[in-house]
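Visitor: Can you make the complete structure from the sequences, with help from the hints?
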Amino acid sequence: MSAPILDVQGLAYAYPDGHQALFGVNLHVHQGERVALLGPNGAGKTTLVLHLNGILTAGAGSVSVSGMPVAKENLMEIRRRVGVVFQDPDDQLFMPSVRADVEFGPANLGLRGAALEARVVAALDQVGMVDYIDRPPHHLSFGQRRRVAVATVLAMEPEILVLDEPSSNLDPASRRELADIVRSLDVTVLMVTHDLPYAYELCSRSVVLSDGVVVADGPTRDVLTDDALMSAHRLELPFGFDPRTIPAP
Amino acid sequence: MGAGHGHHLHFHGHSLAHRLPAHAKLVALLGFVVTVVLTPRTAFAAYAVYLPLVLVAQRCSRVPFGYYAKRMVVEVPFVVFALLMPFVATGPRVEVGPLRLSESGLLSAWALLAKGTLGVMASLVLATTTEPRHIVGGLERLRLPDQLVQIMGFMVRYLEVVTGEMARMKVARESRGFQARSIRSWPVLATTAGALFIRSYERGERVHLAMLSRGYTGQLPVTRPMTATAEQWRRAGMLPAAALATLLVAVAL
Numbered sequence: 005m006s007a008p009i010l011d012v013q014g015l016a017y018a019y020p021d022g023h024q025a026l027f028g029v030n031l032h033v034h035q036g037e038r039v040a041l042l043g044p045n046g047a048g049k050t051t052l053v054l055h056l057n058g059i060l061t062a063g064a065g066s067v068s069v070s071g072m073p074v075a076k077e078n079l080m081e082i083r084r085r086v087g088v089v090f091q092d093p094d095d096q097l098f099m100p101s102v103r104a105d106v107e108f109g110p111a112n113l114g115l116r117g118a119a120l121e122a123r124v125v126a127a128l129d130q131v132g133m134v135d136y137i138d139r140p141p142h143h144l145s146f147g148q149r150r151r152v153a154v155a156t157v158l159a160m161e162p163e164i165l166v167l168d169e170p171s172s173n174l175d176p177a178s179r180r181e182l183a184d185i186v187r188s189l190d191v192t193v194l195m196v197t198h199d200l201p202y203a204y205e206l207c208s209r210s211v212v213l214s215d216g217v218v219v220a221d222g223p224t225r226d227v228l229t230d231d232a233l234m235s236a237h238r239l240e241l242p243f244g245f246d247p248r249t250i251p252a253p
Numbered sequence: 004m005g006a007g008h009g010h011h012l013h014f015h016g017h018s019l020a021h022r023l024p025a026h027a028k029l030v031a032l033l034g035f036v037v038t039v040v041l042t043p044r045t046a047f048a049a050y051a052v053y054l055p056l057v058l059v060a061q062r063c064s065r066v067p068f069g070y071y072a073k074r075m076v077v078e079v080p081f082v083v084f085a086l087l088m089p090f091v092a093t094g095p096r097v098e099v100g101p102l103r104l105s106e107s108g109l110l111s112a113w114a115l116l117a118k119g120t121l122g123v124m125a126s127l128v129l130a131t132t133t134e135p136r137h138i139v140g141g142l143e144r145l146r147l148p149d150q151l152v153q154i155m156g157f158m159v160r161y162l163e164v165v166t167g168e169m170a171r172m173k174v175a176r177e178s179r180g181f182q183a184r185s186i187r188s189w190p191v192l193a194t195t196a197g198a199l200f201i202r203s204y205e206r207g208e209r210v211h212l213a214m215l216s217r218g219y220t221g222q223l224p225v226t227r228p229m230t231a232t233a234e235q236w237r238r239a240g241m242l243p244a245a246a247l248a249t250l251l252v253a254v255a256l
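Residue numbers (the numbering used here), protein chains in the order written: chain A, 5 to 253; chain B, 4 to 256.
What the hints contain is simulated information worked out from the structure, not anything from laboratory work.
Since the structure is predicted, the reported quantities are computational estimates derived from the model, not experimental observations.
Yeah, the Cβ is synthetic: ideal placement off N, Cα and C, and Gly gets one too.
Be careful, since some hints might not be right.
[Unchecked claim] Not close to chain B: a few residues of chain A, all C-beta gaps over 12 angstroms, as computed:
1) Gly28
2) Pro110
3) Asn112
4) Thr156
5) Arg179
6) Arg187
7) Arg209
8) Val217
9) Ala236
[Claimed, not checked] Here are some, though not all, of the chain A residues that point toward chain B, as calculated from beta-carbon distances under 10 angstroms:
10) Leu54
11) Asn57
12) Val88
13) Met99
14) Arg116
Guide: Okay, here's the thing in structure tokens:
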């Protein structure tokens, strides 16, 4: 198999207040994969995500992206390679217009002029939001803002897209539209989610993080149908959803 | 001209005044206001010229007068203060109908009203024809320190988010039977304000993380510097130039 895009080895981390969130996490994500990261609240999912682009620095172990270690001297390139879309689009969209926001990342990478414009338009086109380029973000619907948030990261042409709870607070139509967008992207995806049907629909592989360690890693269908594993880690399928009775997507 | 109220102030349009770049309009507004403030308060003729000048500028924006009139309300506290001055000021008094008013108070009230009204009218031309984010861009172009520009930009962006949060907290409070009726409800309001502050602070931290994640290193990238042609500067400069000429003539006479 090819070298992993994302290679996390023995990652441990304790917050400055002493609370230890990660106890030796191992995770590999390969080119073109879409992987769901599942786990109950407080499992350390967000902490892990913040390590992937070097916001937090590993206490022990290592993270590397396409062979490049996440370290201070590589931060800019790491942040280009790893695009993190945060849960609340109001946190992600901080500039006064959609255009300025999508420009922010590539402009930090030094792009200007026509090249920058092309990047911005291409990224917005991927999420179907080109028509809203000159709008202020607060005039968009929640679903539209989430899509623009994805575009702000796509504009940096990342090697891996990390989505934190992409389906939260979306109405069913926006949720389905976002799924269509994710499927249409030619990029590796790591998706942190509580939405198990969404994970099943979009990701063939799932990793379960619980109490700071990876407790399961395998085909999503196998993970979701392992009742003992699921109940041991506070994971529950929503009412009426049974992967056994649904053909693989 | 509080950029934060821009959503209520800005009037969508494509007039001459709308098309001028924000930094040129800011310079013109500053020039005009400084000229008005410098005008001696007894130079009544000069004020009589300033008023039509501002009205012409308002006409150039093609924004209805009613729209301006409603937004002049912001001046009310100053008007009240000005109306009080003739009564509370000391010095020689003059008879005005049944009242005995202070002469210097009357003059101060006139000056405050005249300068204030002209300033508000001119500011409204900027505020109605320029989107808040462009005002921020204009200030950036005028080399206002980067930090201040960023703070203002975030204010413009997050004002609605925070007021939305505040409105939701109000609804949640009232849904549980709370009514702010007496001083005893103040602790509840203070707690809400505290909670709002903490929430905003935490949002600030999350926004910062999101910025770092996209390569922020302390400066917002300038991707599209604002430019103004000589013609645009000439047009924007007409108002302050006319005002300045008026002032000079009034002082010379």
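Visitor: A separate judgement is required for each hint: does it hold in the structure or not?
Guide: Comparing the hints with the structure gives:
Remark: the non-interface label on A/Gly28 is consistent with the geometry, its nearest Cβ contact in chain B lying 24 angstroms away (cut-off 12 angstroms). Not every CB of chain B is more than 12 angstroms from the CB of A/Pro110 (nearest about 9 angstroms), against its label as outside the interface. The beta carbon of A/Asn112 sits about 3 angstroms from the closest Cβ of chain B, which is not more than 12 angstroms, so the claim that it is off the interface is violated. Annotated as non-interface, A/Thr156 brings its C-beta within 12 angstroms of a C-beta of chain B; the closest such distance is 7 angstroms.
Even its closest Cβ contact with chain B, about 22 angstroms, leaves A/Arg179 beyond 12 angstroms, as expected for a residue assigned away from the interface. A/Arg187, annotated as away from the interface, keeps every beta carbon of chain B farther than 12 angstroms; the closest lies near 24 angstroms. No Cβ of chain B approaches the Cβ of A/Arg209 within 12 angstroms, the least distance being about 24 angstroms, so the stated non-interface status holds. Even its closest Cβ contact with chain B, about 24 angstroms, leaves A/Val217 beyond 12 angstroms, as expected for a residue assigned away from the interface.
The claim that A/Ala236 is not at the interface with chain B holds, since no C-beta of that chain comes within 12 angstroms of its own (minimum 31 angstroms). Hint status for A/Leu54 relative to chain B: holds, with the closest Cβ pair at about 7 angstroms, below 10 angstroms. Contact between A/Asn57 and chain B, as hinted, is supported at the beta carbon level, the nearest pair being about 5 angstroms apart and thus within 10 angstroms. For A/Val88, the interface hint holds, since its Cβ comes within 10 angstroms of a Cβ in chain B; the closest pair sits about 5 angstroms apart.
This hint holds: A/Met99 has a C-beta 7 angstroms from the nearest C-beta of chain B, less than the 10 angstroms allowed. Taking 10 angstroms as the C-beta contact cut-off toward chain B, the hint placing A/Arg116 at the interface holds, the least distance being around 6 angstroms.
Of the numbered hints listed earlier, those contradicted by the structure are 2, 3, 4.
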